[in-house]
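**Student:** Protein chains in written order, with the numbering used here: chain A, 1 to 216; chain B, 1 to 216; chain C, 1 to 216; chain D, 1 to 216.
Incorrect hints may have been included.
Pair by pair, the computed Cβ-Cβ distance ranges are [unchecked claim]:
no., chain 1, residue 1, chain 2, residue 2, range
1, B, K213, A, K213, 53 to 59 Å
2, B, H47, D, K71, 28 to 34 Å
3, C, K108, D, S215, 44 to 50 Å
4, B, K173, A, G58, 37 to 43 Å
Keep in mind the hints are simulated off the structure, nothing from the lab. The beta-carbon is built from N, C-alpha and C at its ideal position, and this holds for glycine as well.
4 protein chains.
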Amino acid sequence: MKLKAVILNCTLKKSPETSNTQAFIEHAEKEFNKLDVTTETIRVVDHNVAYGVSSDEGENDDWPDILKKIKAADLVVLATPIWRGDRSSVAKLVGERLDGIMTEGNDKNGQFPTYNKVAGVLVDGNEDGAKKAISSILFDFSEQGFSIPVNAFSYYVGEAGPGPSYIKAKGDKHEFTNNCMLLMVHNMVHLAKVLKGNPYATHVKQLEEQAKKMSK
Amino acid sequence: MKLKAVILNCTLKKSPETSNTQAFIEHAEKEFNKLDVTTETIRVVDHNVAYGVSSDEGENDDWPDILKKIKAADLVVLATPIWRGDRSSVAKLVGERLDGIMTEGNDKNGQFPTYNKVAGVLVDGNEDGAKKAISSILFDFSEQGFSIPVNAFSYYVGEAGPGPSYIKAKGDKHEFTNNCMLLMVHNMVHLAKVLKGNPYATHVKQLEEQAKKMSK
Amino acid sequence: MKLKAVILNCTLKKSPETSNTQAFIEHAEKEFNKLDVTTETIRVVDHNVAYGVSSDEGENDDWPDILKKIKAADLVVLATPIWRGDRSSVAKLVGERLDGIMTEGNDKNGQFPTYNKVAGVLVDGNEDGAKKAISSILFDFSEQGFSIPVNAFSYYVGEAGPGPSYIKAKGDKHEFTNNCMLLMVHNMVHLAKVLKGNPYATHVKQLEEQAKKMSK
Amino acid sequence: MKLKAVILNCTLKKSPETSNTQAFIEHAEKEFNKLDVTTETIRVVDHNVAYGVSSDEGENDDWPDILKKIKAADLVVLATPIWRGDRSSVAKLVGERLDGIMTEGNDKNGQFPTYNKVAGVLVDGNEDGAKKAISSILFDFSEQGFSIPVNAFSYYVGEAGPGPSYIKAKGDKHEFTNNCMLLMVHNMVHLAKVLKGNPYATHVKQLEEQAKKMSK
Chain A
1 MKLKAVILNC
11 TLKKSPETSN
21 TQAFIEHAEK
31 EFNKLDVTTE
41 TIRVVDHNVA
51 YGVSSDEGEN
61 DDWPDILKKI
71 KAADLVVLAT
81 PIWRGDRSSV
91 AKLVGERLDG
101 IMTEGNDKNG
111 QFPTYNKVAG
121 VLVDGNEDGA
131 KKAISSILFD
141 FSEQGFSIPV
151 NAFSYYVGEA
161 GPGPSYIKAK
171 GDKHEFTNNC
181 MLLMVHNMVH
191 LAKVLKGNPY
201 ATHVKQLEEQ
211 AKKMSK
Chain B
1 MKLKAVILNC
11 TLKKSPETSN
21 TQAFIEHAEK
31 EFNKLDVTTE
41 TIRVVDHNVA
51 YGVSSDEGEN
61 DDWPDILKKI
71 KAADLVVLAT
81 PIWRGDRSSV
91 AKLVGERLDG
101 IMTEGNDKNG
111 QFPTYNKVAG
121 VLVDGNEDGA
131 KKAISSILFD
141 FSEQGFSIPV
151 NAFSYYVGEA
161 GPGPSYIKAK
171 GDKHEFTNNC
181 MLLMVHNMVH
191 LAKVLKGNPY
201 ATHVKQLEEQ
211 AKKMSK
Chain C
1 MKLKAVILNC
11 TLKKSPETSN
21 TQAFIEHAEK
31 EFNKLDVTTE
41 TIRVVDHNVA
51 YGVSSDEGEN
61 DDWPDILKKI
71 KAADLVVLAT
81 PIWRGDRSSV
91 AKLVGERLDG
101 IMTEGNDKNG
111 QFPTYNKVAG
121 VLVDGNEDGA
131 KKAISSILFD
141 FSEQGFSIPV
151 NAFSYYVGEA
161 GPGPSYIKAK
171 GDKHEFTNNC
181 MLLMVHNMVH
191 LAKVLKGNPY
201 ATHVKQLEEQ
211 AKKMSK
Chain D
1 MKLKAVILNC
11 TLKKSPETSN
21 TQAFIEHAEK
31 EFNKLDVTTE
41 TIRVVDHNVA
51 YGVSSDEGEN
61 DDWPDILKKI
71 KAADLVVLAT
81 PIWRGDRSSV
91 AKLVGERLDG
101 IMTEGNDKNG
111 QFPTYNKVAG
121 VLVDGNEDGA
131 KKAISSILFD
141 FSEQGFSIPV
151 NAFSYYVGEA
161 GPGPSYIKAK
171 GDKHEFTNNC
181 MLLMVHNMVH
191 LAKVLKGNPY
201 ATHVKQLEEQ
211 AKKMSK
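Here chain A stands alone, though its shape is the one from the complex (with noise of 0.2 Å):
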């Protein structure tokens, strides 16, 4: 069975405006296609994603549709323009909505519906910032259920100071940052087939059993 990728586009800038994080993301599409993966990016600000900390936040919330599809996924990339040094505010967004899967852990053993699912990150920016938007990423994605590969990352970053981004900097003929893309995607991949094999036996639900009867 073929694995599926989401990948997440956290641009500032809403379709039909031209987004670095896209043509970054798009290059890494190519090798996630090369090795039989399908993937599918979804630009959240094309969408009406409320903000708050729960999987459905009513009315006119897109967040529940995009939410199915990272459900629907074996491998999730969350991909962030740096703005201030730091991921954008769509990025800090979408992790603070996956937080509602924090709540579904399911009747059998308590999982998230993301357990046994792989996380990555694509960064790009023109000077700074790439390694702490990535660290915070990297972390939420832990906590929220998913399996982190070795360097589940690349990223793009030119000198200080104001400079051209990704597709200006030719960023996908920077070697660098093709060679992190590269390992990004096949150890995910390697790890995403792995865990489908041989899915987390963790029961969620005993431990927090025995953290209560630890804690008394």
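Fit chains B, C and D to the supplied structure of chain A, relying on the hints for placement.
**Tutor:** Just chains B, C and D now, kept in the frame of chain A:
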């Protein structure tokens, strides 16, 4: 074959001073042992670890001995107290020294000696900073060749401002902290076993070549 | 002349939902008022603030009105809840929009409209992340033209894991939080008065010219 | 009276090894000197600074001598290289040791010896992490009694991945970096003079009492 865990205690305090981080580690060790994982804890400040970013900084540097143990382990846990809302300087030092491993790719496929090892993080403080510390450390681990399972961390913090730390605050009776710790231990062990049976197929050297070609 | 403070409430919750951040703000407002500073709080999500990094993102963007109030203030406080151990997405959005000011240098010496204003930060959460949030926000403020006094922040957080937030936890009776808040208020007011009487002499345009020459 | 600046070089490399951070510092020192500020740079790793959070960690600890110089200065600059996308372990160590000052409130009004001093940050790296480093350091400085002027920092970083650092990259000819550095120097000197003439009136002890009463 039994799995082995190495835990790095990054307290600022030399033995025999009381270390809250040590108490937290010992609590976690019991759970690793229950799952048939042997554990060894290294209190980094008791050794003479030099500043630097290579695997051996010369005379009087104790890092090579510590690194040997890390290389022999299946699971690695970095445990750090919080100071100034962030990981300790000793934890940062360890992160810097682990960079040396990134120049030690093997001859076969270029993977670092850490590929197929699994990492986790323990953090204790008296008020604030656990998630910042965890975020930075997870990023380091991912780049340095480790894989990160679901909920790869546990932490204890108390209320804003000065207050009791792990031991006096009875962190070992704090349900949330215990629950996170159990999840960390069980998920780390699951992922370590799975990767032992299914090591990364990623050919790091070939991807380097591919990146070079893509970037012309 | 009375000093004016504008406080930006970056809760995710629209009015009239209860906002812990709002309760914290109101507690701080009383202290500003005692020092003869008038205060106005803006609950950002009640307005339609567009994503972007300019001062005006076009039709239906309420940011220009908010920015007008910021420009008329002597002191600016950004107040944010913690989500995922970090500032809220709304607080990040505000940071991004304030970038617009960096293209609004005046004709005389090129200083942004924020030069000689003083900034502070209030953060409330139920467990962890205050210092990470404050750090990022102080950096933004410094680059965006604000000056930062001693102890330019206050925060409330509780013990690790889910728990009561500012209102239920009686954050307004938490001594450390109150102490920090009083320091913030008194130090902000001192610095604002001092800068009003002694505005920055820095000639931003001339330094730009000097930097150009130095860099040939 | 001449102002005095102390600059802490937090490189990992002992003298006489080449330090890019040192080159950056020397470039900034010239500008301080032009404004009639005397400068002294301390290369922290050349001294035996113990781990800890007090002002004196006992025998063989060189921190007390460094702290004496900090106390005698009007301006303090922390200069750090980037390792792992963050400040160096040495810079973190310095932040930890400065905590000692927070127990040294004076008898008169309880202000730390750092009140009325002004702080800034220099960061050099070869690709990414300057803003994360600056953010954490500015937070530390603000809590530890320093005031932070507009644009209290400068940094140099190059493109994503390994590459030349400050010296080889000719950071001293990088216009953005120079512009930031000039702003930092001029704004620090302005604020230091202004605070020398108008020291904080804040009565720290009285506010402590007030906080106690408010919190009953």
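**Student:** Hint by hint, say whether it matches the structure.
**Tutor:** Evaluation of the provided hints:
1. B:K213 / A:K213: 53 to 59 Å: holds, 57 Å
2. B:H47 / D:K71: 28 to 34 Å: For K71 (chain D) against H47 (chain B), whose Cβ atoms are near 33 Å apart, the range 28 to 34 Å holds.
3. C:K108 / D:S215: 44 to 50 Å: At 47 Å between Cβs, range holds.
4. B:K173 / A:G58: 37 to 43 Å: holds, 39 Å
Of the numbered hints listed earlier, not one is contradicted by the structure.
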